[in-house]
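Undergrad: Sequence lines, in order, name chains A and B.
Using this note's numbering, you'd call the opening residue of the first sequence number 2 and step up by one each time.
Using this note's numbering, you'd call the opening residue of the second sequence number 63 and step up by one each time.
Source of the hints: derived by calculation from the structure; they are not laboratory data.
The structure presented is a predicted model; accordingly, all values stated were derived computationally and were not measured.
Check before you lean on any hint, since a few could be wrong.
Unchecked claim - Taking lysine-lysine and the DSSO-like style, the derived pairs with C-alpha atoms no more than 30 angstroms apart in a straight line are:
(1) B/K380 x B/K93
(2) A/K403 x A/K240
(3) B/K154 x B/K65
(4) A/K144 x B/K188
(5) B/K226 x B/K154
(6) B/K226 x A/K328
(7) B/K380 x A/K144
(8) B/K462 x B/K423
(9) B/K462 x B/K65
To be verified - Stretch-level coverage of chain A by chain B, calculated; a stretch enters the list once three of its residues show a Cβ under 8 angstroms from a Cβ in chain B:
(10) 124 to 134
(11) 147 to 156
(12) 179 to 193
(13) 217 to 230
Ideal Cβ positions, reconstructed from N, Cα and C, are used throughout, including at glycine.
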Amino acid sequence: MTKAAYRDHLGRPIVAVTGMGVITSLGQGLKDNWAALSGGVSGIHGITRFPVDGLNTRIAGTVDFVDLPAENPVERSYFYARETTEEALAQAGLSGDFGGPLFLAAPPIEPEWSARFALADRAPPSQRPGDAYDRFLTVLRDKPDPALYEAWLFGAISERLADRFGTRGLPVTLSTACASGATAIQLGVEAIRQGRTERALTVGTDGSVTAEALIRFALLSALSTQNDPPQKASKPFTKDRDGFVIAEGAATLVLESLESAIARGARVLGIMKGCGEKADHFHRTRSSPDGGPAIATIRAALEDAGIAEDAIGYINAHGTSTPENDKMEYLAMSTVFGEGLSKIAVSSNKSMIGHTLTAAGAIEAVFSLQTMLTGTLPPTINYQNPDPTIVLDVVPNVKRDKQVSAVLSNSFGFGGQNASLVMTAEPA
Amino acid sequence: MTKAPNDVVITGIGIVTCQGVGTEPHIALLKAGSAPELKIEAERFAPYPVHPMPEIDWSQQIAKRGDQRQMENWQRLGVFTAGLALDDAGLKENAEACGTMDMIVAAGGGERDINVDSLIVDEGLKRNDREHLLNEKLTTELRPTLFLAQLSNLMAGNISIVHKVTGSSRTFMGEEAAGISAIETAFARIRAGQSTHTLVGGGFIAERPDVILLYEALGAHATGGWTPLWSRDPEAGGGIVSGSVGAFLVLESRAHAEARGARIYAMIEDIGGDRGGREDGRLERRLDVLAGLANGEGGATVVFSGASGINDLSTREKTWLEGRFPNAPVRGYAGVTGHALETQFPLGLALAGLALANEAKVPAFDPAGETAMERPAETAIVTTIGHHRGEGVAILKAEK
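From just these sequences and the hints, can you work out the full model?
TA: This is how it looks when you write it as C-alpha cells:
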C-alpha cells in the first residue's frame, strides 16, 4: 500500500480497530455475546443483587456471573473493563505494555450504602438530626480506611487498568452520560489523528447498578416498569415502550493507525471512520424537540467520515425504549437520511441487553463492527406493536443476513450529550 | 520565540476563590506587596479548616432563578465561573462562537443530601433489614431532581443550558488528574486543528461534609487552624486545607484569537501529565520529563505550584522544584486559595495567565518558604501533583 492509502479524505491517519472485547448480561466474550444477540436472546432478568420489594422497577440487565473480591461499583466496573481489555488485546495480538493512552468511560461513583451503614455502626450516637457525616468523620479521624477511599475515587478504575496494561501517560476517565462509550472512542481517534500515538485503548464500562442508582433513574420516570416478563420490557420503537431497562457491561476497542496495524501484520477488524458530537442546551434530561443537536451530531459524524448519507447500510440506534428518545432519534434520522432511511435497516441492541449507560457506546460500537464482519444484522426484539409514528425497518425480532460496509452508531445522554460514530468495513 | 497560528493561547479567565470573584481581586493579590489576607472558615466544619466561597451574586451569570434552583452549589459555581470566563474573553454574547465552542469540564460529583443520608443511617441503626429500609427511604425521601445536581456531566450540561456552549461537551473525572487531562486534551486538540476555541475548567466546593469525608478516609485533611502551606504540622491531620474554587479558561488557537482581535493573556507552550508509583524517586523522574522543555531561558520564571499541602508529598515537590528551577520563585497557591482537587490545575493556569499578562511581581504567599520575585516573569511553570496520584506540568509564556 502507498502512504496515501493510510490517510483519509482530510489527510489524517486512518484509524483501524484491531481488537475487541465485550461483556454484557448475555455473557462474557464477543463469541457468546454475538451468538445470543444475533439469536434474539434477551439478557434482562429480575434483580437479585438487592431486594426490590416496593420498587416499581424490579428488572435489569446486570452481569451476575462474575466473582468479585468486593461488592461495589468500582470493583465491578474495573472487573468488566479488565476482562474486555484482556480479550481485545488478545485479539489484537498485543502483549506486554500497551504503550499508548487509555480513554476510559466509567460511571460516576457514589460511596456504597453498606459502607455508610458500617461507619454508622462504629460511630458515636447522633447528637442532632443530620449529623451522620460528622460521626463518620469521627470514625475516620481515629482510623483512616484507605480501601474505602479507593472505592470512592473516580480515578481508581483507570489507575488499575493503566498499571495492569501498561498504558502511557495520564489515563482519561470521562463521562458524557449515556454517550460516554462513544466519547472514549472519539478521544482515541483524535489522539491517533493528532499523531500523539500509534494506538489507543478505548474502554467503556459500567457496573453501577445499585438500589440507589435504580431508584434515582426511577424517580426521573426513565425506567420501564413492565417487569413481567423481564425479557419483554425493552421494546424500542414500539407503541408500548415505557422506559429503558438499566443494565451493565463493558467493551474495549483497540484503536490503531491503519499504517501501524498493517505494518505489524495485525488483522484489521474495521475502520473507525468518523466521529461527531454536538451538545444540546434545551433541557437537563430532554432533547431539543426539533432534534437539532442530534441531527447535527449525525451529520458531523458523516462529514468527519467523508461519506455520504446513502453509503450507510445499517444504523445501530441508541434506541433506549424511552418514549422520548426513540421519537427524537427517529426525527433526527429521518431528517438526515430523508427518503433514504426506508432503505436502511436500524436496530437497537438495547432490546436485548438493556441500556448499559456509560458502556453503551463502546459495546454498541463492537456490535456494529461485528455486524459488518459477519454480514448479520442483529434484530430489535419485542417488536410486536410498532409505533405508527416511527416508520423504520428495525430488523424486527429476527436477525437478517445482509452484508453492509458502513454503519452509523448513535449515543445520546442526559446533560445534552450527543455522539455518533461511523464505522466502515476493512478496505479490501 | 516564534509565533504560530496553532499556538494555544489563553484569552479568557474565569476565577472564583475565597479571595474574591473574577480577575480583578486576583490581579490585585498577584500584584500586591505582600501575601493576601487569610480567608479561612475554621468553625463550620471543625476540626477541618476550609477556604470558603466568597459572597457570590449567582444571578450575574445565571440569569434565570429556575436554572439556579436546578443546581446545588457545586454546579452553580462551575456554571458561574464558566460565565465569567466567557465574559472575560468577550464571547458571552457571541452566539455563533458559543455554539461552536468545545468544552471540557473536570468534575467530581455533586452534593449529596446530607439530611436524607443521615436519616437513613440513623434509622438503619434501629433495624436489621437495612436494604429494605434503603428502598423505602430513597423512594420517598430523595428529591428526583437531586440526581441531576449530582451527576458529574451535568456541570457541563448546565453550562450548555445557561451559556449556550454547544460545540461539544465532555466531562473528565478522576481528582486532580481530571483537571490536568482536561487542559492537556484541549491543548492537543487546538494544536492539531481539531478545535479552534475551547472552554476548559472546573469547580470545586470544599464546604461539603461528603467531600471532607473523602479526604478523611485517607487521613489527608488538615485539622485545627490554618498553617502556612510549606510548613503544615504533621501532627494536625494530613495537611490538606481544601478550598472552594471555580476556574475556567477560554483557550484558542492563535489564529482564531487574532482573527477576532482577542486579548491574549499568555501562550501555553507545553503541557503534560503522567502517573505511576512514587517510590524511590520515580515521581521526581517523571516530573523531570514533564518539565523537559522548560529551560528558564528568555527572562525570569515563576512557578505556580499546586501542591496540595498533604504531608511529605508537598515537601518532596518543593525540593524537586528548588533543584529543577533553582532561580525561579515558587508560589504555592493552595496556601491562599485552598486545595481544589479537580480544579487545582486549571486554577494554577488561571493565576499564571493573570500574573504573566499583568507583569506581576507576585508576593510570597508563604514568606518563610518562598523567595521574593525581583522582576515580572516571562515564563510560568504550573504544577499539580495529585494528593494521591497523577501529576501534571504546564509551561506558559508571556505574550510579547
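Undergrad: With reference to the structure, classify each hint as holding or not holding.
TA: Structure-based check of all given hints:
no., hint, verdict
1, B/K380 x B/K93, "23 angstroms, holds"
2, A/K403 x A/K240, "27 angstroms, holds"
3, B/K154 x B/K65, "27 angstroms, holds"
4, A/K144 x B/K188, "24 angstroms, holds"
5, B/K226 x B/K154, "9 angstroms, holds"
6, B/K226 x A/K328, "24 angstroms, holds"
7, B/K380 x A/K144, "29 angstroms, holds"
8, B/K462 x B/K423, "17 angstroms, holds"
9, B/K462 x B/K65, "10 angstroms, holds"
10, 124 to 134, "holds (count 6)"
11, 147 to 156, "holds (count 7)"
12, 179 to 193, "holds (count 4)"
13, 217 to 230, "holds (count 5)"
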